[in-house]
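Q: Here is what each chain is made of, one letter per residue.
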Amino acid sequence: MKKQLLSLAVLVILVVCLGLSQTPAGPKHHVVFQLSEESGPAWGSLILHVNNTMKALSEDGGSEVEVVFYGPGLLMLKKTNTVFAERLEQLSKNGVKLIACRNAMKNRDLKTEDLFPFAGQADSGIAEMVRKQEAGWAYIH
Amino acid sequence: MKKQLLSLAVLVILVVCLGLSQTPAGPKHHVVFQLSEESGPAWGSLILHVNNTMKALSEDGGSEVEVVFYGPGLLMLKKTNTVFAERLEQLSKNGVKLIACRNAMKNRDLKTEDLFPFAGQADSGIAEMVRKQEAGWAYIH
Amino acid sequence: MKKQLLSLAVLVILVVCLGLSQTPAGPKHHVVFQLSEESGPAWGSLILHVNNTMKALSEDGGSEVEVVFYGPGLLMLKKTNTVFAERLEQLSKNGVKLIACRNAMKNRDLKTEDLFPFAGQADSGIAEMVRKQEAGWAYIH
Numbered sequence: 001m002k003k004q005l006l007s008l009a010v011l012v013i014l015v016v017c018l019g020l021s022q023t024p025a026g027p028k029h030h031v032v033f034q035l036s037e038e039s040g041p042a043w044g045s046l047i048l049h050v051n052n053t054m055k056a057l058s059e060d061g062g063s064e065v066e067v068v069f070y071g072p073g074l075l076m077l078k079k080t081n082t083v084f085a086e087r088l089e090q091l092s093k094n095g096v097k098l099i100a101c102r103n104a105m106k107n108r109d110l111k112t113e114d115l116f117p118f119a120g121q122a123d124s125g126i127a128e129m130v131r132k133q134e135a136g137w138a139y140i141h
Numbered sequence: 001m002k003k004q005l006l007s008l009a010v011l012v013i014l015v016v017c018l019g020l021s022q023t024p025a026g027p028k029h030h031v032v033f034q035l036s037e038e039s040g041p042a043w044g045s046l047i048l049h050v051n052n053t054m055k056a057l058s059e060d061g062g063s064e065v066e067v068v069f070y071g072p073g074l075l076m077l078k079k080t081n082t083v084f085a086e087r088l089e090q091l092s093k094n095g096v097k098l099i100a101c102r103n104a105m106k107n108r109d110l111k112t113e114d115l116f117p118f119a120g121q122a123d124s125g126i127a128e129m130v131r132k133q134e135a136g137w138a139y140i141h
Numbered sequence: 001m002k003k004q005l006l007s008l009a010v011l012v013i014l015v016v017c018l019g020l021s022q023t024p025a026g027p028k029h030h031v032v033f034q035l036s037e038e039s040g041p042a043w044g045s046l047i048l049h050v051n052n053t054m055k056a057l058s059e060d061g062g063s064e065v066e067v068v069f070y071g072p073g074l075l076m077l078k079k080t081n082t083v084f085a086e087r088l089e090q091l092s093k094n095g096v097k098l099i100a101c102r103n104a105m106k107n108r109d110l111k112t113e114d115l116f117p118f119a120g121q122a123d124s125g126i127a128e129m130v131r132k133q134e135a136g137w138a139y140i141h
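Protein chains in written order, with our numbering: chain Y, 1 to 141; chain E, 1 to 141; chain S, 1 to 141.
Bound conformation, chain Y alone (with noise of 0.2 Å):
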C-alpha cells in the first residue's frame, strides 16, 4: 500500500516535471508587436511584418499574433484610417488580435466608436504587452 502510494505519488511528479517544461496548447509560436509609432513607415511596415512573419512561422507549427497600438500609434485604429481599413480587417480575419490602449484612446479623448469595430482593447498597452512577455510571448518593436 505504502509503495503504491509512493510509487502514485513519483507519477505525480513526473507529470508536473513534464508539464513544465511543455507548451501550451495551440499555435506553437505567441508574438506580441507593439505599434507605438505616429502616421508614417512603421504603418505600413507593421501589416508587412506581421503577415511575413506569420508566414515564416506557419510553416513551424503556427502563430498566435497580437498587435499592441499605443501612444501616437492608436491612431491607426481610427476608423476614419481607411488607408489601413481594408489591410487591418484581413490581419483581424486571419486571427491577428488588434488591441488598442485605453489609455492612449483617454489621451486622445477617443470612445470604442471611433474605432474599428474589430479592434479590442486593454486597460494599459504597456501592461497588456508585459503580461503577454510574462506568459511567454515574444515581444517584437
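Among these hints, one or two may not hold up.
You can't tell identical chains apart in this list, so a pair holds if it fits in one copy or across any two.
What the hints assert, rightly or not - Computed list of lysine-lysine pairs in DSS-like fashion (alpha-carbon distance at most 27 Å, straight line): (1) Lys-106 - Lys-79; (2) Lys-55 - Lys-111; (3) Lys-93 - Lys-55; (4) Lys-55 - Lys-106; (5) Lys-111 - Lys-79; (6) Lys-28 - Lys-97; (7) Lys-111 - Lys-93; (8) Lys-97 - Lys-55; (9) Lys-78 - Lys-93; (10) Lys-28 - Lys-93; (11) Lys-28 - Lys-79.
None of these hints come from the bench; they were simulated from the model.
These figures come from a predicted structure and were not determined experimentally.
Please build the complex by placing chains E and S on the supplied structure of chain Y, with the hints as guidance.
A: Below, chains E and S without anything else, positioned relative to chain Y:
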C-alpha cells in the same frame, strides 16, 4: 530507513519542482524600460508610460520597475535637466529605479555628480537589460 | 528489484528537474539585437552597443550575440557599405552572427552575393528573433 530516505528524496524533488514554477516574492510584475532616445517626445512619454503601467499593474499584484538610460537617452538624467527633474524624482520616490549606463557616461564625459542624486548606475545599460530579461523581467522599448 | 526501479525513477526525475533549471552549455548570456533602422546614427550605435555589451558580459560568463538585419536595416549588410565593412567583419570574427532577413532581401531585390560574405540569412528576421526569445535569449532593440 531506506523508505524514509526515499520519501525525503521525493519531498525534496517536489519542492524543487514547485519552486521552478513559482515567481519570486515581492511584486508580481517586473518591467525594465529602455530610454535611449535623445530629447524629444520620448522623454515625456516615458514618464507617462511608467506611471500608467504601474497604475494598471497595481490592481494586479503590483510591479517593480526599472528604467535604463543609455545612448543619447542618458542626458535625461543630467541634473541640469530641470524640465524633468521633479517628475523623475517622483518616479524614484515611487520606487522606480533609474539607471544610468556607465559606457554612455564615459562617452559623454559625465561624472556621477553630473547626474541626479537619485540615479543609479550599471556598467553597461544593455547588459543590465539582458540580465533583467534573464531574471524574468518584461522588456519594453 | 522494485525498489531499485523506483530509485532509478526518482534519479531520472531529479536529473530532469535539475535540467529544467539549468542554462545550456556554452556562454552564460544570449542576446539578439534588432537592426531595422535605415542608414544613420543607429548603424554606428549598433557596433558600439554590441561591443560594449559583450565586454560587460565577458566578465560574467560570456555571451553569444546575434544581430538580425531587416527592413531598411538590411542595407547595412550590403557589401558596398564600405563605411562599416571593417567593423562588421570584426564583429563576425569575434563570433557575432550577422543575419540578413530573406524577406527584406526579396523586397529590395538583393541576392546573397550582394551582401557581405560573412553574413548569414534567416527566412524571416522577425521569426528568427521570435525563435531566439523562445529559446531564452534576451532581445534588444
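Q: If you test the structure against every hint from before, which numbers come out violated?
A: 11
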